[in-house]
Amino acid sequence: MLTSTHPTPTIDAFGAIDSLDFEQIAFKANRTRLKKHADTQATSVDQDIQAYKNFLKLVASHPGRELVPTEEIDEIWHMHILDTQRYRPDCEMIFGQMLEHYPYFGIKDSMDQHQLMRAFAETQALYRETFSDGAYDKADATRCKGHACHAPTPCRCRTPGACK
Numbered sequence: 004m005l006t007s008t009h010p011t012p013t014i015d016a017f018g019a020i021d022s023l024d025f026e027q028i029a030f031k032a033n034r035t036r037l038k039k040h041a042d043t044q045a046t047s048v049d050q051d052i053q054a055y056k057n058f059l060k061l062v063a064s065h066p067g068r069e070l071v072p073t074e075e076i077d078e079i080w081h082m083h084i085l086d087t088q089r090y091r092p093d094c095e096m097i098f099g100q101m102l103e104h105y106p107y108f109g110i111k112d113s114m115d116q117h118q119l120m121r122a123f124a125e126t127q128a129l130y131r132e133t134f135s136d137g138a139y140d141k142a143d144a145t146r147c148k149g150h151a152c153h154a155p156t157p158c159r160c161r162t163p164g165a166c167k
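In terms of our numbering, the sequence shown opens at residue 4 and continues consecutively.
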C-alpha cells in the first residue's frame, strides 16, 4: 500500500519502468520460491516482475490514488525495497522521490479493513482495464511478516500469526 506521500512521475516514467533491470531480484525470487514451494508449481517470477512493473505504471499514472498490490506484486516490491542501492535511485528516476510502502493498511479496525477492501477492488478494476496479464485475477491476500497488509482476505483475523 502506498502512503499519503504522492510521488510525481518523471516525464518518461513508463520508459524508465520498462528499463529497470530486475535480473538479481529474479534470481533471488526463484531461489526463494524453490525453497518454499519445492513440491508445488510457483507462479512465474518473470510474470510477477512484469506485474510489479505494471503496478508501478499505475502508481505513476494515478498519483494520489490508494493502490493495493497483490501478494505476488508485493513480494517483488519487498525484494526491490531491500535492494536499497537500487530502490532509491530507481524511484527517483521514475517518480522524482522515494515511493513509500505502508504495510499496515487494513489491520487497525473494521473501518480500515473496509477501506483496504475498497482500495483493492479499485486497484483490481484499474489494473484489469489497463493490463491484460491476469495478475489481479487470482487476487490472494497479501501477508507481510504474519499479518494481512494488502489484499483483502476472507480470514478476519487481524493479528500477526493468528491465521495462516
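Keep in mind that a hint or two might mislead.
Stated by the list, open to error - Using 27 Å as the maximum straight-line C-alpha spacing, the simulated DSSO-like pairs for lysine-lysine come out as follows: (1) K38 - K56; (2) K60 - K31; (3) K56 - K39; (4) K38 - K60.
As the list claims (entries may be wrong) - Here are the computed distance ranges between Cβ atoms for each label pair: (5) R91 - G67: 13 to 23 Å; (6) S135 - Q88: 16 to 26 Å; (7) D21 - L85: 32 to 42 Å; (8) H65 - L37: 28 to 38 Å; (9) D112 - G18: 38 to 48 Å; (10) S64 - D24: 16 to 26 Å.
Note that these hints are calculated values from the structure, not bench results.
Don't be surprised by glycine CBs; every beta carbon is placed ideally from N, CA and C.
Okay, the hints, checked on the actual structure:
Restraint check: the Cα-Cα separation between K38 and K56 comes to about 25 Å, which is no more than 27 Å; the hinted pair holds. For the proposed pair K60 and K31, the alpha carbon gap of about 23 Å is at most 27 Å, so the pair holds. In summary, the hint linking K56 to K39 is supported, as the alpha carbons are separated by about 24 Å, within the 27 Å threshold. Proposed proximity of K38 and K60 is contradicted: the alpha carbons are some 30 Å apart, above 27 Å.
Taken as a hint, the range 13 to 23 Å holds for the pair R91 and G67, whose Cβ atoms sit roughly 21 Å apart. Restraint check, S135 to Q88: a C-beta distance of roughly 33 Å breaks the suggested window 16 to 26 Å. The hint said 32 to 42 Å for the Cβ distance between D21 and L85, and at roughly 22 Å that hint is violated. Between H65 and L37 the C-beta distance comes to about 35 Å, which sits within the given range of 28 to 38 Å.
A hinted range of 38 to 48 Å for the beta carbons of D112 and G18 is consistent with their spacing of about 41 Å. Taking 16 to 26 Å as the suggested C-beta distance range, the pair S64 and D24 conforms, at roughly 22 Å.
In terms of the numbered hints stated before, the structure departs from hints 4, 6 and 7, listed from lowest to highest.
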